[in-house]
Amino acid sequence: AQKITQTQPGMFVQEKEAVTLDCTYDTSDPSYGLFWYKQPSSGEMIFLIYQGSYDQQNATEGRYSLNFQKARKSANLVISASQLGDSAMYFCAMTFVSGGSYIPTFGRGTSLIVHP
Amino acid sequence: SQTIHQWPATLVQPVGSPLSLECTVEGTSNPNLYWYRQAAGRGLQLLFYSVGIGQISSEVPQNLSASRPQDRQFILSSKKLLLSDSGFYLCAWSFTGTGPTEQYFGPGTRLTVT
Chain H
1 AQKITQTQPG MFVQEKEAVT LDCTYDTSDP SYGLFWYKQP SSGEMIFLIY
51 QGSYDQQNAT EGRYSLNFQK ARKSANLVIS ASQLGDSAMY FCAMTFVSGG
101 SYIPTFGRGT SLIVHP
Chain R
1 SQTIHQWPAT LVQPVGSPLS LECTVEGTSN PNLYWYRQAA GRGLQLLFYS
51 VGIGQISSEV PQNLSASRPQ DRQFILSSKK LLLSDSGFYL CAWSFTGTGP
101 TEQYFGPGTR LTVT
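Here the protein sequences line up with chains H and R, keeping their order. Here the first sequence stands for residues 1 to 116, where the numbers follow our numbering. Here the second sequence stands for residues 1 to 114, where the numbers follow our numbering.
Quick caveat, the hints were computed from the structure, so don't treat them as lab data. All residues carry an ideal CB built from backbone N, CA and C; glycine is no exception. A few of these clues could be false.
[Unchecked claim] Calculated Cβ distances over 12 Å to all of chain R for the following chain H residues:
(1) GLN6
(2) GLU44
(3) ILE113
[Unchecked claim] Here are the computed distance ranges between Cβ atoms for each label pair:
(4) SER57/R x PRO30/H: 21 to 31 Å
(5) ALA40/R x LEU84/H: 31 to 41 Å
(6) ALA71/H x LEU82/R: 25 to 35 Å
(7) PRO107/R x LYS16/H: 42 to 52 Å
(8) GLY99/R x ALA1/H: 17 to 27 Å
(9) PHE12/H x ALA39/R: 22 to 32 Å
(10) ALA71/H x LYS80/R: 41 to 51 Å
(11) GLU59/R x ASP55/H: 37 to 47 Å
(12) LYS80/R x ASP55/H: 42 to 52 Å
(13) ALA71/H x TRP7/R: 14 to 24 Å
(14) SER17/R x TYR64/H: 22 to 32 Å
(15) GLY99/R x GLN69/H: 37 to 47 Å
[As the list claims (entries may be wrong)] To be clear about the criterion: a stretch of chain R counts as covered by chain H if any three or more of its residues have a C-beta under 8 Å from a C-beta of chain H, and this derived list gives those stretches:
(16) 15–24
(17) 50–56
(18) 68–77
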């Protein structure tokens, strides 16, 4: 069965420093997608970054990068130069194929607090 | 550009009452549509997804149901709410295609069953 694990319930970081949020996954499918989403206190989920299972290079989007280690089945999110507005819940997600459709499954999330 | 609307934003309903949450997407055709529930401090639980009009797949058996009467409209319903139905309900859409794609979420509905 497909599974996403986020082992850090909460993380703290100083403003302008980098932070890594951990995510490991478990699947036997060769084709899957890995995603990170941000959920501010308002509740809306915001897509941050995507990594495909066949992608050779780590994905980057501005201050976000995804450290993809396929053999270890990990897909950690790195946020560089943290800002106060980065304080939020962060969810790792994976999509896998089921019945011809890509089905998403989410981790339990990590709460990030950025200190000034 | 695409936008997703979800209403109502908050809802307080007594146990045993019916429920109807609506979600609509603008600016795209034939999207995949999803309903999630998020309990307090927890991750997202996929409830239903749809790849086309009238095509609904249920991930978790419960007293909720979903319908897709139009291409860009997705409705979550219940005939009789339970206390355990309380939570934050999120609708999402994604492009259809041959590979995994990101999802775009609505603002959510906070449901409290009393």
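Inset, instruction - Taking the numbered hints from earlier one at a time, note which ones the structure violates and give those numbers from smallest to largest. - result: 1, 2, 5, 6, 7, 11, 13, 14, 15, 16, 17 and 18
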